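Asker: Place chain B with the ligand on chain A using the hints.
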Amino acid sequence: MPSPRYWREVPSRLRLEAARCSSCGKVNYPPRPICPGCRGEKSEPTTLSKTAKIITSTVIHIAPDDFLFEAPYAIAIVETPEGARFMSQVVDCDPSSIGPGTDVSLEFRLIRKEARSGILCYGFKAVPTASWEG
Amino acid sequence: MAGIVGYGAFIPRKRITAEEIARQWGKDPETIRKGLLLKEKSVPGIDEDTITISVEAGGDAITRAGIDPLKIGAVYIGSESHPYAVKPSGTVLIDALGIGPDVHVADFEFACKAGSEAMFVSLGLVESGRVEYAMGIGADTSQGAPDDALEFSASAGGAAFIFGKENLLADVLETYSFTSDTPDFWRREGEFYPRHGGRFTGEPAYFKHVLSATRAILDKTGLKPSDFRYAVFHMPNGKFPQQAGKKLGFTQKQMETGWIVPTMGNTYSGSSPTGLAAILDVAEPDDLILMTSFGSGAGSDSFVFKATELLPKRQPLGRTVRSMLDGPKHYVTYGQYAKLRDKIIVNE
Ligand SMILES: [Zn+2]
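Listed in order, the protein sequences are those of chains A and B. The first sequence begins at 12 in my numbering and counts up by one. The second sequence begins at 44 in my numbering and counts up by one.
Bound conformation, chain A alone (with noise of 0.2 Å):
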C-alpha cells in the first residue's frame, strides 16, 4: 500500500468512517460518491460500531511474504450492525474455531508494515468477541 494512498484512507482506516445513502439507506464502507445499491449520489456520513458478525471465513495456510509470521490465519468477510461488508484478518483466536456466524469486536491493529523502512500501516481487525468473556 503506497503512503499517499493509505493516507487518504485514514478516515474510514483509522475511524471506520462510512457513508449512509440518502436515498436508499444504504451503509457505504468505505464512502462512495455514488451508491452501489440505487446509484444515488447524496450520502450522510456514519461511523461503523466496533462489533460484527462473520460471514464468511477461510484459514491462509500459505502466506504471502508480509504475513509468513502470521499463517495460519483466519480472514473473513464481516458484517457489522450496519450492514457493511469487509474483510478483515480475523485474530487472538484458533483459526479453525471461527466460521459464519462468529461475533467479533473490531480493535485497533497494525495491519502491515511498508518492509523494514517504510510506513506502518494501522487499521482494524477482528477478534472473536468471546475473547473478552472471562
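In case anyone wonders, no lab produced these hints; they're calculated from the structure. Among the hints, a few may not be true.
[Claimed, not checked] 20 Å max Cα-Cα, derived PhoX-like pairs, lysine-lysine: (1) A:K124 with B:K382; (2) B:K282 with B:K251; (3) A:K124 with B:K282; (4) B:K263 with B:K290; (5) B:K356 with B:K208; (6) B:K263 with B:K251; (7) B:K290 with B:K251; (8) B:K386 with A:K124; (9) B:K70 with B:K82.
Everything numeric in this text was worked out from a predicted model, so none of it was measured.
Answerer: Coordinates of chain B with the ligand only, in the frame set by chain A:
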C-alpha cells in the same frame, strides 16, 4: 480542582510463562517465581505495538469520560518503544480517536516513567487553563535481551488518562517529582536491547527515587500511609514494589489491587499507570490512592488521587484491567515468542 475525568487500559491476550522462558535457557523457574515473584507476562501480537495499545486504552478513556474527543487539546504518549524513531505515536492516535487536528501532540520518553510524565504534563496544562482536556498515556511493548533477567519481566500493555476540571472521577490532590543522574539502565541510540547495571538497579536507583518521591508527597500533603485505601508503585518485578511499599509503611492489603505484575509483567511506561487503572476499576468514593512511578536514569513521579462519587458510575463503561489479566489468554511457546518479538532474522 483538576483530575482524572476518564481512564482506560489495554493488555494484549498473549502470554508466556516464566517456566517456558526458564526452560529455554536452562534456568530454574522456581528462582524466578519465588525470587522475582513473576508467573507469566503479556506478549504483544505481531500486530500490536505502543500505538495500538494506546488507541485501545484511549478509546475506553474517552467512553468513560463521556466527552467530545474534539475537546481534547493535548495528547502525550510516554513510551520507550514508540514504533517510529521519527514520527510521533500520538499522530496516529489522534486521527484514530477523532481528536485532531486542533490538538497539541508529543511523545515522551523517560524509561519506565514516561507514562506518569505524560500524566503530569496533561494535568498541568488543564490546571493552567491552557486546554480544556488533556490525555496522558503510558504504554510499552518492551524487550529484554535473550537470556537476560529482563526477559522474564518485559511485557506489553498500557493505560490512558484524560484530565479535566469538571465531572472528575478522581481528584489529583498533589504531585511530587524526584530526579537525579543515575545510570542504572539505558539504551544508546540504534541499539536494539537496553542494558542495565544488575544489582545497581535496586538500592541507588529504584528504591532511592521511589522512597524519596513518596516520602516527599506524604510530607507535602500531611498524609500518612494508613490514610490511603490503595497504593501502587512501579513494578519492574514482583519484589521491588512490595519491598518499597513495606519500607514506607504500606500494607499488603493496600498494595494488592494495583500489584498486577505477577501475571502482567513489567509494562514499563504502562506499569504503575495500569496498576492505577486496576485500582480505579474498583475504588469507591473518597478512597485515597497513591501512585509512584519510577524511570531509570532516574526519576519518580508521585500522585495522590481521591476517588469521587462519579467514579463507580463510569467504571462499567470500559474494560477492566482484571478482565484482561484473567480473561481468555493465549499462551505462546518460546519459539512463537521469538517470532513475535522480531528475534528471528528473515530475508526481506
Ligand atoms: Zn443508495
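Asker: Confirm or reject each hint.
Answerer: Hint-by-hint comparison with the structure:
no., hint, result
1, A:K124 with B:K382, "holds (16 Å)"
2, B:K282 with B:K251, "holds (15 Å)"
3, A:K124 with B:K282, "violated (38 Å)"
4, B:K263 with B:K290, "holds (19 Å)"
5, B:K356 with B:K208, "holds (18 Å)"
6, B:K263 with B:K251, "holds (18 Å)"
7, B:K290 with B:K251, "holds (11 Å)"
8, B:K386 with A:K124, "holds (17 Å)"
9, B:K70 with B:K82, "holds (14 Å)"
Going down the numbered hints, you'll see the structure goes against just number 3.
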